[in-house]
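Q: Assemble the whole structure, with the sequences as input and the hints as a guide.
There are 4 protein chains.
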Amino acid sequence: MVDKKEQILATALRLFVADGFHGTPTSKIALEAGVANGTLFYHYKTKEELMVALYNSIKGELANNILSFAQAEGFITTRFKNIFIHSVYWALKNPEKFYYIQQFNFSPHLAKVPKDIFKQQAMPYTQLIGEGIKKKLLRQQPEELVTALFNGQVYGVCQYLKSAGLDSGEQEKTINEAYDMVWDMLKYT
Amino acid sequence: MVDKKEQILATALRLFVADGFHGTPTSKIALEAGVANGTLFYHYKTKEELMVALYNSIKGELANNILSFAQAEGFITTRFKNIFIHSVYWALKNPEKFYYIQQFNFSPHLAKVPKDIFKQQAMPYTQLIGEGIKKKLLRQQPEELVTALFNGQVYGVCQYLKSAGLDSGEQEKTINEAYDMVWDMLKYT
Amino acid sequence: MVDKKEQILATALRLFVADGFHGTPTSKIALEAGVANGTLFYHYKTKEELMVALYNSIKGELANNILSFAQAEGFITTRFKNIFIHSVYWALKNPEKFYYIQQFNFSPHLAKVPKDIFKQQAMPYTQLIGEGIKKKLLRQQPEELVTALFNGQVYGVCQYLKSAGLDSGEQEKTINEAYDMVWDMLKYT
Amino acid sequence: MVDKKEQILATALRLFVADGFHGTPTSKIALEAGVANGTLFYHYKTKEELMVALYNSIKGELANNILSFAQAEGFITTRFKNIFIHSVYWALKNPEKFYYIQQFNFSPHLAKVPKDIFKQQAMPYTQLIGEGIKKKLLRQQPEELVTALFNGQVYGVCQYLKSAGLDSGEQEKTINEAYDMVWDMLKYT
DNA sequence: TATGAATGAGGTTTCATTCAT
DNA sequence: AATGAATGAAACCTCATTCAT
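Protein chains in written order, with the working numbering: chain A, 318 to 506; chain B, 318 to 506; chain C, 318 to 506; chain D, 318 to 506.
Calculated from the structure, these hints are not laboratory results. There's no promise every hint is true.
Treat identical chains as interchangeable: a pair holds within one or across any two.
List time: in silico BS3-like cross-link candidates among lysine-lysine, alpha-carbon distance up to 27 Å [said to hold, decoys possible]:
(1) 451 x 490
(2) 452 x 345
(3) 410 x 362
(4) 410 x 451
(5) 490 x 479
(6) 432 x 479
(7) 321 x 451
(8) 451 x 436
(9) 504 x 398
(10) 490 x 452
(11) 479 x 429
(12) 398 x 345
(13) 345 x 321
(14) 364 x 504
A: The structure is reproduced here in structure tokens:
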């Protein structure tokens, strides 16, 4: 039997995405996770703590996934491209997790996440962009602006792909072309 | 005394942004709007109806604001630039409204907004992009992808400006440079 | 139909005395008071607020009852005796209220009652004792000690009468004799 | 390391007095006593059993303390005075225990204590008063009334001393004078 | 003797909504 | 158009208690 704590997390993800935070009673999570009502509150003191734990767990998973590409050997440009492409792929393969993060990001619960955790997770990634700017591979703009625009693009492409319904060949092509566009935007001129 | 209906809407915006949908009881909205509990429900049959009405009201305001630029005389490229720049300015001048829209977009309540209203509001804007593609001023990519990337950039810039704390001169400069970058990404090559 | 707020108070008194604070769910109070669950919380924000309101209401009633005797014309000694005797009578006629006050006094909820309300209610009564001491009718001891001992006696007699099961003639006799004893204790010597 | 059972009892006393019975979860007692949740229930089958055990333990301690004075050789009047004075001292030295007993006495849990245990503990004490009445040292009133008034006075003095904040010399004087007053009330006339 | 994860009944409270005025 | 007392379903959460280890 899977760990009950994990089971609760997995069920919560499914239900929160389907019905929203407010639309999902803790009792339903417990029921569908196959645990008692009180068990949920034994592991997570409040509903919000559960929501935050789920958020951090997903962010951690995503960060781990990207980390290898950011820290790999090779040209900065290659690593940069890999990050973009695999971020999009991860989002497509984990639509619920991707959606959950968006949903959480635009909710007042975001305030409950300590900011340092944030920065720490984004670090390897911010570092790479910083390096790219310094080495005159990327535009001479503030690191934060470049990061924001880069992120905006990852999100924009995912948004498009979700609603476009392409086959996997077309998807790959689109992702590559989108990256070329992003590169045109961010590369040093 | 301002119209009570307006007062309710304004108070709801403030509270929804501060505390979230679920974190804001209708009774609190009524209280802080200076009306009786029942008055709120006289004007809006349900809480969700209030939320949707608020959403539509803001979207309408934004659309009106942008419309003039989209439909203006002149080069497509100029109109395109104007849309970008004034969207960003509007967002900066109306942070609560901008945030509310994001929050609503990532909530299950979005489903309650008829899709045709959506398309209708975005039309002048989508049309312009479609025209730009056809006339080979913009990249030969699906209209929806171009739109998604364009929107992603508006959002990315706003995100950056919100946290960067620049003076208005620097802000203007940043917005213009960001537009140049967007243009490098989307222009026909 | 009686005021619902009153009805809730009366029902709460009965149930709290019968089953204790913790042994009485708010839902039971509402049910037996013939109001909806939410109505109770409309009038009293929390269960504890209800408990405190009940306490203050009873104390107020008792204070009013005694006030007339304390402020009456006539010898201090007569007024003093009247207070004692009518306090005991009131307790015997209102056993639930009397018990409720004791129960509340020995609970942590007492801390929720503002102290100034306390002093204000006891004032006419404390004043009389102070006057008695100054005029050398009562023992030359601190006002507070005399008050404490006087109160201890009221409580002691009530305790005894409750368990003794006397008829009303014997009761009257006992109360009078008990007062004589109290007087022997407190009178100036 | 102290006996865990003792540790639980001591912690329970502290917390029950501070927060009340209902305000003190067993889990908190276990936590602050430094034992596991289940350990508490290993030693005391239910929470109420713990409460009663604590009550009996304190009553036993108090009874032992007083017993020696009640059963000592010498004049009844001396023993009587000693009981009064040492009861007050014990209460002042053990304010939490004294308060706990009051709190318990005015709670529905009192019913769970077998009545014979009660009478047995009070016996040496009641006996002394009975003897005093028979020998015409005390007033010719029912034994129970005299006992009730005597107890009321112990409580009254403690109440006063708790709030008066006297130094130990003044305290001793007050206790002695209070006893003189009690004696004036109860002595045979 | 001791543990602590797991339980589930039940408690307090919230809150959108109604309706008589 | 406006009110606010009243509602009751349902939510979150607590907590005494159990039991396998």
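Q: Against this structure, judge whether each hint is valid.
A: Going through the hints against the structure:
Only between protomers do residue 451 and residue 490 lie at most 27 Å apart by alpha-carbon distance; the minimum there is 21 Å, versus 31 Å within a single protomer. Taking CA atoms no more than 27 Å apart as the test, residue 452 paired with residue 345 passes in neither setting, with 53 Å inside one copy and 54 Å between copies. With identical chains, the CA atoms of residue 410 and residue 362 are never at most 27 Å apart, being 31 Å at best within one copy and 39 Å at best between copies. In this assembly of identical chains, residue 410 and residue 451 lie within 27 Å of each other by CA distance neither inside one copy nor across copies; the values are 33 Å within and 33 Å between.
For a Cα distance limit of 27 Å, the shortest separation of residue 490 from residue 479 inside one copy, 15 Å, qualifies, whereas the shortest one across copies, 34 Å, does not. Taking the shortest Cα distances, residue 432 and residue 479 sit within 27 Å of each other only across copies (16 Å), while inside one copy they are farther apart (30 Å). In this homomeric assembly, residue 321 and residue 451 never come within 27 Å of each other (Cα to Cα): the closest approach is 47 Å inside a single copy and 56 Å across copies. In the homo-oligomer, the alpha carbons of residue 451 and residue 436 lie at most 27 Å apart inside one protomer (20 Å), although the nearest pairing across protomers, at 43 Å, exceeds that limit.
In this assembly of identical chains, residue 504 and residue 398 lie within 27 Å of each other by CA distance both inside one copy and across copies; the values are 12 Å within and 21 Å between. Proximity of residue 490 and residue 452 under a CA criterion of 27 Å is satisfied inter-copy only: 23 Å between copies versus 29 Å inside one chain copy. For a Cα distance limit of 27 Å, the shortest separation of residue 479 from residue 429 across copies, 19 Å, qualifies, whereas the shortest one inside one copy, 29 Å, does not. Proximity of residue 398 to residue 345 under the C-alpha cut-off of 27 Å is found in neither arrangement, the shortest distances being 42 Å within a copy and 49 Å between copies.
In this homomeric assembly, residue 345 and residue 321 come within 27 Å of each other (Cα to Cα) both inside a single copy, at 15 Å, and across copies, at 24 Å. Taking the shortest alpha-carbon separations for residue 364 and residue 504, neither the intra-copy value of 44 Å nor the inter-copy value of 47 Å comes in at or below 27 Å.
Violated hints, in rising order: 2, 3, 4, 7, 12 and 14; the structure is consistent with all others.
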